[in-house]
Amino acid sequence: MRKKYKTGFLLFFILVLAVSCQKDELTLPSKVYFSFEMTSYTDIDNDAAVLKNGNIYGNPPGPFSFTIDKGQMVISAIEFDGKRPQGQDVYFISDLANPIVAILHEPTMQEEIGFDIPQGIYNRIDVSLHLGNTLYAPLKIEGVFIMPGLGEINMRFEYVFEDIITIRSTGAGEDIVLRKDRPSFARVNIDTGSLFGLVNPAVLANADLIIENGQNVLVISDKHNRPVFNQIAARMNQAFSVVFD
1 MRKKYKTGFL LFFILVLAVS CQKDELTLPS KVYFSFEMTS YTDIDNDAAV
51 LKNGNIYGNP PGPFSFTIDK GQMVISAIEF DGKRPQGQDV YFISDLANPI
101 VAILHEPTMQ EEIGFDIPQG IYNRIDVSLH LGNTLYAPLK IEGVFIMPGL
151 GEINMRFEYV FEDIITIRST GAGEDIVLRK DRPSFARVNI DTGSLFGLVN
201 PAVLANADLI IENGQNVLVI SDKHNRPVFN QIAARMNQAF SVVFD
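For the sequence shown, the residue numbers in the numbering used here are 1 to 245.
These are computed hints drawn from the structure, not numbers from a lab. Be a bit skeptical, because a hint or two may be false.
[Said to hold, decoys possible] With a straight-line cut-off of 35 Å between C-alpha atoms, the simulated DSBU-like cross-links for lysine-lysine are: (1) LYS83 - LYS180; (2) LYS83 - LYS31; (3) LYS31 - LYS70; (4) LYS223 - LYS83; (5) LYS223 - LYS70; (6) LYS31 - LYS180; (7) LYS70 - LYS140; (8) LYS180 - LYS223; (9) LYS140 - LYS223.
When you get a sec, could you build the whole thing from the sequences and use the hints?
Below, the structure is given as structure tokens:
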């Protein structure tokens with residue numbers, strides 16, 4: 001009887017030890033590096049007519065078009081909310097000494113942003129970006145608008161509101177696997193085609209221009225060309241993605 005008791009105790013001890021080791025494994029850190037980039041976008045309207053004050057003047061001498069290829073995003077904090085089928089869920093918000101000023105069209109020039117995150121299999125990871133602070137505009141996206149007769153005009157979309165954008169992350173498979181022996185990369189992308197895809201180039205022909213350094217500039221913001229701004233800003237959440245690899 002005593003022998004059976006000792007055997008049962010030994011098996012229980014081994015089981016507890018195995019579970020404890022598994023829990024320890026699930027707390028080991030995996031290095032995750034974040035980068036920020038954008039997808040450029042070009043739109044051309046070959047069939048547009050110039051519309052001014054409700055009057056159509058006929059076909060312009062060439063197509064309207066615009067290209068979006070530059071951007072800057074300012075992040076004051078990053079939230080990570082991960083769900084694991086094994087081990088505790090993981091949540092943290094970054095403690096950044098200074099905001100991240102990400103030049104979206106030059107991701108290789110960005111400073112290295114890395115976090116130690118418990119390894120394991122995640123079936124859901126939500127990343128929330130806290131955009132902007134009191135010193136910097138959260139998001140600026142730039143490009144050129146080509147208007148027949150006027151040539152190239154610099155254009156700039158300005159989002160000046162501090163905001164939180166929450167993004168459901170994706171990976172190579174159904175789950176996202178973080179491993180202690182291999183760094184992972186979380187690539188945050190802004191798809192400018194999603195932002196500007198509903199903006200007809202011909203509509204920009206009616207946009208108000210401002211003068212900067214003696215040059216015409218097409219600014220889209222809450223103060224300039226507000227209807228177009230509202231159309232773009234309404235698609236902010238759909239334009240962001242985070243891919244872990």
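Structure-based check of each hint:
1. LYS83 - LYS180: holds, 17 Å
2. LYS83 - LYS31: holds, 17 Å
3. LYS31 - LYS70: holds, 29 Å
4. LYS223 - LYS83: violated, 41 Å
5. LYS223 - LYS70: Within the cut-off at roughly 21 Å; holds.
6. LYS31 - LYS180: Distance of about 7 Å is within 35 Å: holds.
7. LYS70 - LYS140: holds, 8 Å
8. LYS180 - LYS223: violated, 48 Å
9. LYS140 - LYS223: Given that 35 Å is the threshold and the Cα spacing comes to 14 Å, the pair holds.
In the structure shown, a violation is registered for the earlier hints numbered 4 and 8, in ascending order.
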